[in-house]
Structure formats: C-alpha cells, structure tokens
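Listed here are the chains, written in short residue letters.
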Amino acid sequence: MKYAFYPGCVARGGTPELLSSSMAVLKKLNIEVEELTKAGCTGAGVLQEKNPLLGDTINVRTLAMAEEKKLNIMTLCSTCQGVLSQANHKVKKDPEYLKKINELIKDEGYNYKGTTEVKHLLWILVEDYGLDKLKSHFVKELSSLKFAPFYGCYMVRPSEALGFDEKPERQEYLEKVIESVGATAIDFPGKFSCCGFPVLFINQKNSLKMVSNQTGSAKDLGADAMVTPCPLCHLNLDGYQGKARSNNRGDKADLPIIHMPQMIALAMGIETKDVGLGRHIVSTKEILNKI
Amino acid sequence: MYDHDLLIVGAGLAGLRCAVEAQKLGLKVAVITKVHPVRSHSNAAQGGINAPLTDRGDDWKGHALDTIKGSDYLADQDAVEIMSQEAGEAVLELERMGVIFSRGDDGKLGTRRFGGQKVARTFFVGAITGSALLHVLYEQSLKLGLQVYEEWFVTSLIKHEGAVRGVVALDLKTGELESITAKSVVIAAGGAGRVFEPSTNALICTGDGLSLAWNNGAGLMDMEMIQYHPTTLARTGILLSEAARGEGAYLLNSEGDRFMKEYAPDYMELASRDVVSRSEQTEINEGRGIDGNVLLDLRHLGKEFIETRLGYLQEVSVEFLGIDMAEKPVPIRPGMHYIMGGVKTDVDGETGVPGLYAAGECANVSVHGANRLGANSLLDTVVFGRRSAEKASEYVKSVPNDIIPTEKYVKRDLELIKNIMDADGKYKVAEVRNKMATAMTKGIGVFRDQESMEYAKKIVDQTKIDYRDSIRIENKGKVYNTDLLFALELGNMIDCAESIVHGALTRKESRGAHFRTDIPGRNDEEWLKHTLIYKSLEGEITVKTPDVTITDWEPIERVY
Amino acid sequence: MKVSIDVKRFDPEKLNENHWVQNYKMDIHPSSTVLDALIHVREEIDGTLGLRCACRASICGSCGMRVNGKAKLVCKTRIEELAEEGETLLIEPMGNQPVIKDLIVDISAFFAKMTQITPFLQPDELPKQGEFIASNDSMEKLLTEMNCIMCGLCVSECTILEVDDTFIGPAALAKASRFVYDPRDSQTSDRLNFLNDEPGGIWDCTRCMQCVDVCPKDVAPMDRIMDLRETAIEIGAKKTHGYDHTNSFEKSVVAHGRLDESRLALESAGIFNIPRLLDLIPVGLRALIKGKLPPLFPHKAEDNKKIKEIAKKIKEME
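Line by line, the protein sequences give chains V, Y and Z.
Residue numbering for the first sequence follows the working numbering, starting at 2 and increasing by one per position.
Residue numbering for the second sequence follows the working numbering, starting at 3 and increasing by one per position.
Residue numbering for the third sequence follows the working numbering, starting at -11 and increasing by one per position.
Check the hints yourself; a few may be wrong.
Computed cross-link-like contacts, DSS-like style, restricted to lysine-lysine with a CA-CA straight-line distance of at most 25 Å [to be verified]:
#1 Z/Lys2 - Y/Lys480
#2 V/Lys100 - Z/Lys293
#3 Y/Lys444 - Y/Lys480
#4 V/Lys177 - Z/Lys58
#5 V/Lys100 - Z/Lys129
#6 Y/Lys175 - Z/Lys2
#7 Z/Lys13 - V/Lys101
#8 Z/Lys13 - Y/Lys428
#9 Z/Lys13 - Y/Lys478
#10 Z/Lys2 - Y/Lys420
#11 Z/Lys239 - Z/Lys300
#12 V/Lys244 - V/Lys206
#13 Y/Lys305 - V/Lys100
#14 Z/Lys300 - V/Lys39
#15 V/Lys244 - V/Lys286
#16 Z/Lys293 - V/Lys39
#17 V/Lys91 - Z/Lys227
#18 Z/Lys116 - Y/Lys110
#19 V/Lys29 - V/Lys291
#20 V/Lys71 - V/Lys28
#21 V/Lys107 - Z/Lys294
#22 Z/Lys301 - V/Lys94
#23 Z/Lys294 - V/Lys93
#24 Y/Lys305 - V/Lys91
#25 Y/Lys175 - Y/Lys478
#26 V/Lys136 - V/Lys177
#27 V/Lys39 - V/Lys147
#28 V/Lys206 - Z/Lys227
#29 V/Lys107 - Z/Lys301
#30 Z/Lys(-4) - Y/Lys480
#31 V/Lys91 - Z/Lys294
#32 V/Lys100 - Z/Lys301
#33 Z/Lys116 - V/Lys253
#34 Z/Lys278 - V/Lys274
#35 Z/Lys13 - Z/Lys(-4)
#36 V/Lys100 - Z/Lys278
#37 V/Lys39 - Z/Lys303
In case anyone wonders, no lab produced these hints; they're calculated from the structure.
If you're wondering where the values come from, they're calculated on a predicted model, not measured in any experiment.
Please model the complete structure; the sequences and the hints are all you need to start from.
Structure follows, in structure tokens:
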C-alpha cells in the first residue's frame, strides 16, 4: 500500500507529535508514503475567503502531483481532508473551471484529470487497510478507557464532497477505530460539532465558549480523553482548554485531547517518545496510567 | 382591545398587497393571520404572473379575451377589463419593489408561455414566482412597519348595527380569545382546498374567509367552479407548475402519444386547465393511463434548462418520487387546486355588506368565471388587493369613532369554543373531515352528474350533523391547541362544501370546470348566469342567478 | 410499513414533569415522510401533539425539526431513507430557539435578525417608466438566495448562535447577500460596511458548514457569507481581525507555500494591538515549554516560488 503523503502545515508546525505518531504507526503497518514536498498549504478555508481561485489552484496542483505519481493522497488533518476534497469535487463538477485552473499550472507540467482520491489516515485504516488486520497489531489493552470522538467540521461536511452518498459509514469511522483498540466510544452528541478554531483570532470569547462546551460535556459524560483526527481542533481544544473552562464553566482543563494516530500507537505499544503525549498542554498522564 | 382603520384577515399576496397600499395611504392597518405571513399558501404558486405590456406590442384586450374565453364566458367582462388594464402597472410595481423577475436579452422583464393564452405574457421567477412575490411583499411590510397579529385565528366577524366592525380571534400561542375592532375588514384568507381530498393546497387552506363572509350576509358566487390542475404529482398530489408545459413539456398517455392533439389541436398542452384535466381524465378512464396517471415529459428540455427555469419542479420530482425529470417522464394526474368561486365582490372588493371587503382567491369578482387561466391568480391578488385598500380607505372616512361593545361577541365565541372543547362524541375531527373531503372529490370531480352531486350533498348534510353532535377533542389545553383549531376550521370547511354542493346542483349546464356528463353542453340562452348563494342567520339557504356582465366579447364556442 | 417515532415533548401548561419523550407506533404507506407520520399521530393517535406544518411540499418552511439529531424539513424526509422498518426515529424541535410546545419553537428571534440587515430593496431612484433594466444573469444569480423559505434549519444548527445570540446568523446574512448583489440596490457599500463592521457580522461565522449541510433549498448560507467577505475586502471595508487573519494567511502561503502559524497568530491579533498580543503570550509560552511552538522560520514548501508565480498570474487576471 502506497500513498502520496500530505501531512499539512500544522503537523510540521504546532503539532509535531501528530507527525511522529503517524509515521510510527505507518511504519508498523508497512504502509509506504511518499511526501508531496512541493505541495502548498490547502488554505484551510481561510485563504479561500480572500482568494478562492488561488486556494483552488494550489489544491488542484497538489491533486495533480499525486495523479502524476498514480497515487492517492493520504492526509493527517480533517481540515486538509475537507478542503482538498472540496476542491476536488468542485473541479470534477465544473469542467470549465478545471480548464481554467489547469491553464495556471500547465507550465509546471501539471494537467489534472480528476482521478485522485483524497483519504484521511482514518479512512485508509478502515477502508483500505481493514480494522481486523489493524487489530492484529495491537498489544496493549485500552479497554478501561472511554474516549469521546471529535471529528472536526471539515471531515463531515459538506457531505457530497466527502463521498457520504456512496459511503455514509464514513461518519462512524472514528467510533469504529476507538472500539477496535478496545476502548469505549462515548455517545457524544458534539462529535460533529465545531471546536471554534476558525474564530479563535477573530472572536476569542465565542471560540472559548465552544471549547468549554465540547470538552466540558465530554467530561460530564465520563470521557477519559477526546480523540480527534484534526490537529487544528487539537490546538484549540488542548491549547485553550484551560482558559476556556475557567472562563465559562469555572473548572479546570482536565480532558486530554489526543490525536487519532496517538491512540493507535498506544494500542500498538509504540515508544512514548514517538507518540509524543508529553507535548500536550492538557496533561495526558492519566491515560498513560490507565493503560 | 385593539383598534384599527382597516383589519385584513390573511397575510398572503392579496392581504399583504392590500396592507402595503393601505399603509401608504396613511391608514392605521393591521393584518391578522393564522400562520406567519411567509407561510401563507401564496408561496406555493410556481409558474408566473400575467400582464399585457404595451411596450412589447401586447394589448390588454388580448389578455382580456384570453381570460374571458378561458373563463368559458362566465367572467364579468367589466371586471376582466380592469384587471387586464391594470396588470402591466401591477407587475412593474412588483419589480420596482425588488422582485427578481427573469429577464430577456434586453434586460427588461422576460416572459414564458402559459395555458390558454395566445402570446407569451407570463412574467416569472424560476419556478417559485409565488414565493418570490410573497417574500418581497413581506419585505415591504417590514419596511413600512406593518402590524401583524401573527398566529391568531379569526373565529367570527363583529357585525354591529349592520356593519362589520372587527373580529373576534383566538391567539393560538395563549389560547385566549380577544376582540379586535376596526372600521373595515378585508377578507383575504385564501381558498378552500382542504374541502377536497386530495388537493394541491396546504393544510391551512380551509375556507375560513369564505365562511366568515357567508355567515355575515355576503353571497358566495359560482362555488361549483372547482379547478382541477392537470399536473399534480402521483400519490402525494403536490403541484407541478403549468410552467413545465409553458416551457415545452409534453403530456403522454400509456401509448406514448401526445393525446392533447385529440382534444385541443391548436393549443395542445397549453389549452385551458379544465380542458386539459378532462382530457387527461378521459385518457385514464378509457384505459390509456398508468395506475391512474398520465405522464409529463420534460426530457427534451435538457437538464440545465430544467434546473434553472424549473428548479423547484425538479426538486419536488426528485425528493418526492425519486424521478429525475431530465431522465424520465413524471406520472401526474388532475388534482383539486383552486376555487374560482368565492365571496361576491365588485371591482373594488366591496361585498355588499357595509365595512366588509374581500380580495384574492376567496373573492369572486368575477374575473376567472368558470375556469381560471394559469398565472392569473397572482395577478388577481395584487390588482384587487390594492383596489380594496383604496376603496376601504375611502369608506373608513365615513365610519364614526365610536366604541363598540365587544363583550357579547367574545362571549358568544367563548360559548362556541366551550361547546367544542366539552364535546364527547364518537368521531375525531380528522375522521369527519376526511369522509367529507373524499366524498366531495368523488361527487364534485373533474366529471360530475346529478347522482354524484346528490351523493356529495348527502354526505355534506350528514357531516353537518356529525359536526354538531358527534365530534370530540382530545386536547384540552390552551397553548397551540391544534385540535380545537381543526374543529373550528372544519366548521368553515363544511360551510364551503355546502355552498359548493348547492351551486353545483343549481347550474344545469356544463361550463368550464363544471362539467356534467348528464348535461354536457354549454347553454348560453338560459345559463349565462352566476350562481349566487346566501345563508340567513337561521341557516336558510337562498340561491340567486344574476346575469353575467358582457361588454365587448359575445360568447362563442370555446375551442383550443 | 411499520413506523416507530420518539417525540421530545414539552407542555408549558404542566407545572412539573412537563418534558418527556413519547413513543408512537403506526403502520403507514412505505413512501411516507416523517411529516406524514406526525400528521397521522395528530389525526389518529394523539390530538395533543403540537407541530407546525402547512404545504407538505417543501415551499412554506413551516416544518423544520430535528430528526435523529439532524435538522430537517420533515415534509420531504422519507422515513425509509432514515430507518429500517420498525427502527425508532427521534424527533425533536429545532435548536437555538426556545420551545413553546412540543415541536413548536419561538421563531420571533429568527425574523428579528432579518430586520437587522435592512431586508428590502433600496434603489436610488425608481425608473421613470417601466422596470429597472438588469441582466438575466444578475437576476438568476440571486435565485440561489431567493430560494430561501425561511425555515430556520440553518439557525437551528448554527454553531455560533449556540454560544452567541448577537450573531446575525446564517439566514439573515444570506438574505443580506441577496441585496448586496442586486444591481438595483444602491446601498451596496453601506450594507457591506455594516455587515463587515458590526459585531456579530460576517466575520463571526466559524465556517463549520452546518448551515450548508442542512439547508433544504441549497442556499448554502455559509458560501453566501464567504462571498460577502470577499466582496467586503474588495471594496476596501474596514480591516477587521477577520480580514487580518485571511490576509496574513494569504501572504504566508504565497511567500512560503506553507502556513507560518506564529506570524498568523501575531498578524491576526494585529501587530500594533498590544493587549491582544499580550494575550497570546501565555499560550505561546505553554507551547514553547511543550515543544510545540511553531518554528520561527516555517517549513517551506519545496519550490515555493512556483506558488508565488501562480498567485501573480491570478492577480494579473483580475
């Protein structure tokens, strides 16, 4: 199994533990990845506010790079997943627009034909690798742990860009993976909610309320940690949880936020250094104690 | 106790157009409506609004003739003349308010063809014209700060010393009954589709306005004229606009033939609605239907065209039947859609009862006669909605500023409600209504005869008794008691059914939508008349038959 | 088809135990919608159930509710698509609006937000005769927003309205776009400046796409809000934090091909906005301690010059 690898900006920036744990997991599973080092940032929806054409062009360029290598793209971030999928969907629906974009990237030799598929590591584990095969690599028991799934907006909306018409089960993969490591996936009503990251710098009051609501309600439902496939969600829910909870609920930041690959890595018994749980703002010691 | 110059019952197109005009004329206006204004059934009109615009080489007389012919010569021609003459300005006014009408290449308003008209003069917004007009009028009402009694149900009119001076109404949110006085009342409460089953109409179309007017001395005219729309979706009965045919769709029978060539060789699918419905029903009755339907075929129009010009139709077809109109033809059949009949008014909305006006579908001027042309209803609402406001603004100057003792009217309605709430009969309200509505469709259908109409009358008479003696309400609460609301609405529906049945049995000819298989011909010598039905306070029914007003267009044979 | 629904009920006239879930079972036509089931309940099983509905044809906007946690127009939601035979559906009132009774919510706040955005055409002067001249394209573009039936589903699921009721909201902002892009309206820049500057305006949307996902008429309110952001920037509206954020993002991507997170945080706060900058220090310190402070010199994309070139080409196109 080989994929064109698109780790995204944050995995190389504010969440290096995501990258290290993902690489460790991929190595154990023998999944080969070739990084698209020339690819640009997806724009995360923010670039698209000011310059949608630039955003779409950069993303189609990325898709074309993978197409040239005859590989599908693996992402580690819900936001990358969503934005790339939306760009892919847009140009597939509108051949005129695709033509316009191909004009802009043709002097690099790219000409996107629309065949690349973009898949988050979460989807790859369930769809391409298979949960049963995945389970065979697990050595640690996580059955005493309760995790609240938190997908991240871009991984679950809009449904047509993410292929939910053909594969509606994609909206349950996170719970399935949580269950595969033996842990309990909490029936968390906020699992498809927004973490508030996009308005963090614009309306911090609202952003913090959202962090408080989501982490607070997960904690109230008995979660030991929140598991998320999106590093941007992680940054907000982890980094700002202290301020958010004390401002809004008057309690402490006590819900660790772990990246989905970190959970897999723990189940696989991978060295904690690579898993990077020490890099979190909200301490993850409790989880490690419970394993 | 609230007080106004003009109180308008109903916040659909006619009601809001009247309100906006009255507000501009400086009256103290309010609208009372049982649903939020944008929920009014005007939003379901899809196809367009007619207007002859002279700068395009059209002529108001052409529209008048098409309308009169469409009405099978039952329309009062002086009224049609006014509507046709004022149509142009009425539509342009709407555009200036902000309606996003479709345009031609010259940037001026664009047209599509519609049923029963020789030229294309129907102005439209995609397939959501009614909704687009209603929302813009709602915007204008916000601009002018119109007062709205939102989710209030009028239980009766206050008639004081012979003149209508307000209403008694139930605030649905609290269950409290209150009186609202006004110097004049305009009834614009829409049609009565729920008297039939199935119907394209919303669940709220229960003939409330017709009943209110009838019970206070106004006459109901030509109630037997029930329009069955040719293209209603199989099973659900949801409306598929005539616009589809206007843009070129075909009607096919089970043999794949465009059968309209047998019935209307000139106008084909765009003949008047009663002609098309009868043609379809004949094909179905004679075995050339498919499960009681025929087919509406849009495939040749192409997906992009359908999704831009007829987007809402595609949405309905896909969502409710799972059929992509660009790929497959859609099964449709005639369905009850509109009542040409209604409260008799003159061209200014006057009903003959002092202080009481009516406009919109609930009124009958008569401009639609025995059959309404598509896209004339939206026109009717704005032209006569506006005119009613003008007339009422004159009238209210003569009304004294006295205080009406309203307690007795409120008390009377409290009694009525108490009786309903305490009733402990064996039937649920829905049961009674369903039985009557099904019988009405069977007896007063696309085709009818003496036997079927008498059957309908029998059921209606029984329903009156059941309603009085045998219903029960389960919901004894006050907040949003829809059980009570339905019982009150059923009373109104029964009034409508009664007048429809009387009108149908009175007219001894076939004209327009009233097609009697036992008397199939049109009889201008004896029946160039309206049926006009009154109900006394004691419930006695009188039928009159006034002549139709003819001006320039002598009735001739109606051929499409 | 056997149908089972759990309805979240509320009776304001009861003093205690006025919230409960009630189950109804019935056997109805296989193609029935959720509304068909609710009407069946109301007519044949339990006349006390409160809900709003009228047209049954997805045009009046009355019947918005949550079905299995997701906001839907129940008149066009077929049961067989959501549940196996006999599987129970959960039906609740719409969110973010106070419940009056059962499935009936108070919609007054929804319509009040509309009035905030001056929801009527404001032309300079009326044409002396006839109509305003406008291209069919310009009118057809407005059709997307005109399709809005004011059902409230977007408001029901809006993540920001959940935490901040001063947000103008997806429906009203989408309606505002209908006037901003109407060539006959003369108040375009006033409208844009208002929507840009006003707290709770276009920059408060968190781009969660809930409104796009639930809108039954494909109005895609969030996309309309994004259109407004783009246009507000184009006309040179006042630079808000939102503007700074997207501007910094664009600069970063064009310069490095990748995102420079630290710079983004600083520029979004505003380089000269001392209080906001000070606010970032605790977070920055914590990140530094944990070893997750983004590198001062961000990881560039290989060959990032190419992206710069693309950006330049696009600029020249405009």
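Handout entry: Structure versus earlier hints - violations, ascending order
Key = Numbers 3, 7, 17, 27, 33 and 36 - these are the hints that the structure violates, sorted from lowest upward.
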